[in-house]
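Based on the hints, put chain B in the right spot on chain A.
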Amino acid sequence: MKSAAIAPGRLSPSDYTRNFDEAKPPLEPHQALVDSSRCLFCYDAPCIEACPTGIDIPSFIRKIGTGNLKGAALDILSENIMGGMCARVCPTEVLCEQACVRSASEGKPVRIGLLQRHATDWLLSRGIQPFQRAPASGKRVAVVGGGPAGLACAHRLAMLGHSATVFEARPKLSGLNEYGVAAYKTPHGFAQREVDFILAIGGIEVRTGQALGRDVALEALRRDYDAVFISVGLAGTKALGVPGEDLAGVEDAVAYIERLRQTRELSKLPIGRRVVAIGGGNTAIDIAVQAKRLGAEDATIVYRRGPDAMSATEHEREFAQTNGVRIKHWARPVRLVGEAGQLVAVQFEYTRLDPSGRLTGTSETFSLEADQVFKAIGQVLVPDPIRDGTKQVLEMQDGKIAVDAQRHTSLPGVWAGGDCVAGVDLTVQAVQDGKMAAQAIDRWLGAGSR
Amino acid sequence: MADLRSTFAGIKAPNPFWLASAPPTDKAYNVERAFKAGWGGVVWKTLGEDPPIVNVSSRYGGLDINGHRMAGFTNIELITDRPLEVNLREIKQVKRNWPDRALVVSLMVPCEEDSWKRILAQVEDTGADGVELNFGCPHGMSERGMGSAVGQVPDYVEMVTRWCKAHTRMPVIVKLTPNVSNILGPARAAKRGGADAVSLINTVSSIISVDLDRMAPTPTVDGKGTHGGYCGPAVKPIALHMVAEIARDPECAGLPISGIGGIATWRDGAEFMALGAGTAQVCTAAMHYGFKIVGDMIDGLSNWMDEKGYTRLSDFVGKAVANVTDWQYLNMNYKIIASIDQQSCIQCGLCHIACEDTAHQAVAALRVDGKRRYEVLDAECVGCNLCYHVCPVSGCISMVEVDTGLPAVDWNHDPRNPRRLTLEEQG
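Order-wise, the sequence lines are chains A and B. Using numbering that gives the first Met the number 0, the first residue of the first sequence is number 0, and each one after it goes up by one. Using numbering that gives the first Met the number 0, the first residue of the second sequence is number 0, and each one after it goes up by one.
Quick caveat, the hints were computed from the structure, so don't treat them as lab data. Take these hints with a grain of salt, some might be off.
Said to hold, decoys possible - Going by beta-carbon spacing under 8 Å, a handful of chain A positions derived as facing chain B: (1) Ser36; (2) Pro45; (3) Ile47; (4) Val100; (5) Glu204.
Note that the structure is predicted; figures quoted are calculated from it, not measured. Backbone N, C-alpha and C fix where the C-beta goes; we use that ideal spot for every residue, glycine too.
The shape of chain B in the complex, shown without the other chains:
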């Protein structure tokens, strides 16, 4: 059985699955339940200065796709709405009850050194394992100069990180907002400021839907709505990309990454970890199904690692990073084409109509003795994968490598590139 213990920025946990800073980690009651269910760690919902913020009624919105609930999720909730003293007292007690679990405290206070200094001392007193700086929330708090208002300005990220490192001995994790044009700006700033790690992504600015009767965005508060923070399975691809960009950035080398964004299964977690994340933080999936989902995350990851021969997390963390590259370095002479397994084909014709209407007219719709038959026209197929993705039967369409007999060549060296590197440039 694989060893799932993780040490992330010096913080130890029995497994790499943490609950992200959010409603599930707002109180001792919830966190106790999470630890009982088996979660390796939690990031306590963001603390701020007293008096506590006040939330509105109607806070969440969901994106349902074809009957699947909450493929995407949004919220307009703010940080904790409970007094600071209550949270600190509960954090202290929970850490005492669960010494083997990671307990990190998320923080968000005004951009003044004294504010950070004061709250860091209070958190340190609880015995918590570390802090996570919330530079990410895109709604509400950002209008007050906090959250993503800080995270979007690399200089602020660096400055606040530096303050925090100066005023605490606890590991400092900087949580990054995806609402930037290039994630490397704030990531590098965090590194310069001395961050022990980064975590990403926070939520994406969004309007999740419009209520066509009330003519207002959802969630709707007395007839009006505001943009919220988007999360859930739908944001995972955005998060994976940003994690990979940091993981392969020479300037960020060695900076631990905690992956966040649409993680709902062990497989999601493994993907983030393959791209360099040391831990995987989860929120929406727990809010959808409860804390029990960690059971599958733990033994699913363990079983997969056993199958692959990985004995500890470090055996595969970051293993896919070297294979993330830029388009210009892809092999132009590699070719695959679609192949349909006629035995498992159910004749839905989706491969044909997708290719016929929107791609390369490479799947023929035939009738053989009156029966439908769909066949790939090899000469027309460019290997785009569209048919593979629309096919509802797993394993029916596969993409098969074709030997072109040509050497591997990237676009920089491809003879078809009018601006290819000259022989001298190639060296």
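So that you can see chain A by itself, here it is in the shape it has in the complex:
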């Protein structure tokens, strides 16, 4: 008898445990010493410049080498309060490690990400609270969205003596680190442990289940608080816009990963035998790899352009391929094919660039049999909460909130950061946004008022 095309429990319990445990183990103390000795302690180090949060990388690595792990962790956390998470999820191969001069000299950078994890894990596992709050300013700031940008902003505001109220729509803080990042990148509840560490400084009030536009209004926040920081992320996902999108088996990758991250029983998650992920970013990689690890027989990523245009890094693509995921380029979906309401195949059209450099279809098509297709073609800002009726109250840029270098929006007293503003969508960039905004808010509130 033919088994169900989409079914839970394809694996043994031990397979689930192994497949969703840490994909990249931490360094042993000895490995950390050996790696730290490879750092040349560059002058004007290129890695610092390549880090969106500007961590003094040579300094913290030297401190690891001397056994000064607390000093190393503080060098990291004082610039990036989510240094622990960034050590796990940052695409270091296109940031600090790409800039490492050892890449130029030997083709093998210092493993900065793993060293950063070594130092931050040391501090977090000891329950050390290294930051102190400045004397209370009496100022109150509303932080809308409790992801990396919001938490970084709230933490820096707390350090500077202000009090922050974080409004978070979901039950838990940490945004995509809790709900979106692939499970094997940050297992064992690390996102929550990091949140606990951040909140432990004090002065941060958290209100979960509070969505902007539904439970709180921007105008009211501007009225009731001394300043507002918006970090609502990108709540919407894009549709494919092809026939068959309502078939059973057509899933939104972000929503599925969220279920996967929050479930206690992975064996109860239904997964297809033949799975297709459409998109070229880390979400496509994460869903395809996790599908394989949930027991899918075949997982294929299809992207409409070439490898260089993918926002998933080469390192991520290689990781997918070593997990048995096939990546096809230059094809876009044109039709989702169903039988009795259930997806059975996806029809694609080959694509190419026309002489003017625009993507165009070639009219040639092919089909991939599929029980499940995951849409991972990008997330978008849902602008409704920051509208006043039909009137846009915040200036926008490329569909996101426009901000200046200090992360100030077009509205007085309102700052914004994270994925909802223009720029790269990375945790490390979100942290930098939150930190910069907090410092700008502090200046705006006036040091003299303390």
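Just chain B now, with coordinates in the frame of chain A:
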């Protein structure tokens, strides 16, 4: 293929690499293994009078530099802790098994002629090729009036050497301690006493590290530590200098030298030999990696000699001695400056910050189209070599000779020297 056979103070060996008197040469078992691996000779770990000494537990300490283990090494071990008779019996057997290898026996007995006379006769009976007088150990034995307690007093060195020459027909090598203000004192004394050769250096008095938890020096013996004998790669520069001082001393002329101190590779050995050493003794490197390292020493030296056109050791032994001089004889008008190969530069900036913070502000840190670029300011560069040494890329920074158009002149004749020799003094 170059001929590596050496004859040192009359002692023949198939190659100049000997294991120094130390733990690796304490027993027949180890020495047999060393000879199988290819070592040209050994100096058997120091024999003393019975009853044998007793060692403590925890004996070694290491100095690690930036992840590299044992860049320096120290020990608080004493001479052999086995009965004299056992050692003598094993020496006799090993020499019989390996007639082509050099087997020298290290000795340390109290400063009494009878003691030396007695043990020399016993060693001679083994058929060993020679003896090495241990006047060097800076710890433990020196407190009992032996080792460096003798080596630091030239009169004692001369006296004991003379006794030994009087009581044996074997070649007598005197091992010198570096724990003196001038190595020529004991070296000349050995020569006066009739020594057939000197070997140096023995270990340097040292505290290699402090255990900050136990608040005690390492190695730590039940909460306390004592100074030990320092050796390994870190002491090589000290040893090279002392070897060179003896090699160029007219009073020591003709005195064979066995080089010891941080030798780990054929290149290290060749450097000692260029400064006049006839053989190269090794200990720490063997204790770090085992006896197999002699393989590279032998064929590395041979390949290098072939490349340079040297057919036998005597072709290059001592060849650098004439170029060791005093500062006052260096050419004041010679000038080099640093040059950075931009192609191989990896933009680490270490040349800049080293020069900027601690030297002559002669390496500029630039940004050209946003990219880092480091350039030497020729007019500011004094040719100190600091940037060359901090640069992590071999061949990236080179020191280039600049023609000053001035004749060679040393400090004694330099017009900038207010106390330069007058024309009459110059003759």
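Verification of the hints:
For Ser36 of chain A, the suggested interface contact is upheld, since its CB lies about 3 Å from the closest CB of chain B, less than 8 Å. At its closest, the beta carbon of Pro45 of chain A sits 7 Å from a beta carbon of chain B; the interface hint therefore holds under the 8 Å criterion. Because the beta carbon of Ile47 of chain A sits about 11 Å from the nearest beta carbon in chain B, more than 8 Å, this interface hint is broken. For Val100 of chain A, the interface hint holds, the least distance from its beta-carbon to any beta-carbon of chain B being 4 Å, beneath 8 Å.
The interface hint given for Glu204 of chain A is violated, since its Cβ lies 43 Å from the closest Cβ of chain B, which is over the 8 Å cut-off.
In the structure shown, a violation is registered for the earlier hints numbered 3, 5, in ascending order.
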